[in-house]
Amino acid sequence: MSVDYEVTYILRPNFEEAEADERIAAIAEQLKQIGGSVLATEKLGKKRLAYEMNDVREGIYAVMRFQSDAAAAKELERQLTLNENVMRALLIKLDKHALAAEKAPPPIPTL
Amino acid sequence: MATKPKRAVKERRTKRKPCSFCVDKAIDINYKDVGRLKKYVSERGKILPRRISGNCAKHQRMLTVAVKRARIIAFLPFVNE
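Chains R and D, in that order, give the protein sequences.
Residue numbering for the first sequence follows our numbering, starting at 43 and increasing by one per position.
Residue numbering for the second sequence follows our numbering, starting at 17 and increasing by one per position.
Any given hint could be a false lead.
Interface residues of chain D toward chain R, partial, derived using beta-carbon atoms under 8 Å [stated by the list, open to error]:
| id | residue |
| --- | --- |
| 1 | Pro-34 |
| 2 | Val-39 |
| 3 | Ile-43 |
| 4 | Cys-72 |
| 5 | Ala-90 |
Rather than coming from a laboratory, the hints here were simulated on the basis of the structure.
Where a beta carbon is used, it is the ideal one built from N, C-alpha and C, also for glycine.
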């Protein structure tokens, strides 16, 4: 059964713009390989972290919205933790509230 | 014997603030909305209680989850010293 997910991850800050885009595309490709369908990817860009992580205070944020079964989502999460370019990843299953908010034009600005 | 005024005790309770998320008719509280979430954490980084934030139970629960998620991906600090 396919479930709605969203994964937000932080890349190391030492990548150039183009290089970061490549990594983001690679991660989307990884998900396709393990059987998921990518609905959207968004690069939020370089941001300051609220706390120090791996001795750095900045990171490149990216969000990927996708559908897959639970096993594929779990596998993606595992691969992201192994990926040395990814400092942290947060996998979230979108509940009915999040999906409803997605459909309705949200007045909430994402930072 | 003077009877104690009953009302005095009741009058101490002040008017409850309306839940700001209900006012906005928020369906969901997103962990990426840092600007908004910041208003509901103390200077130390703790989540403000309902008593202070004035949120309704439903939205406070959603807010708690959102803040915790935001902490994981370093949008908000775990501790602010």
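Broken hints, by number: 1, 2, 4
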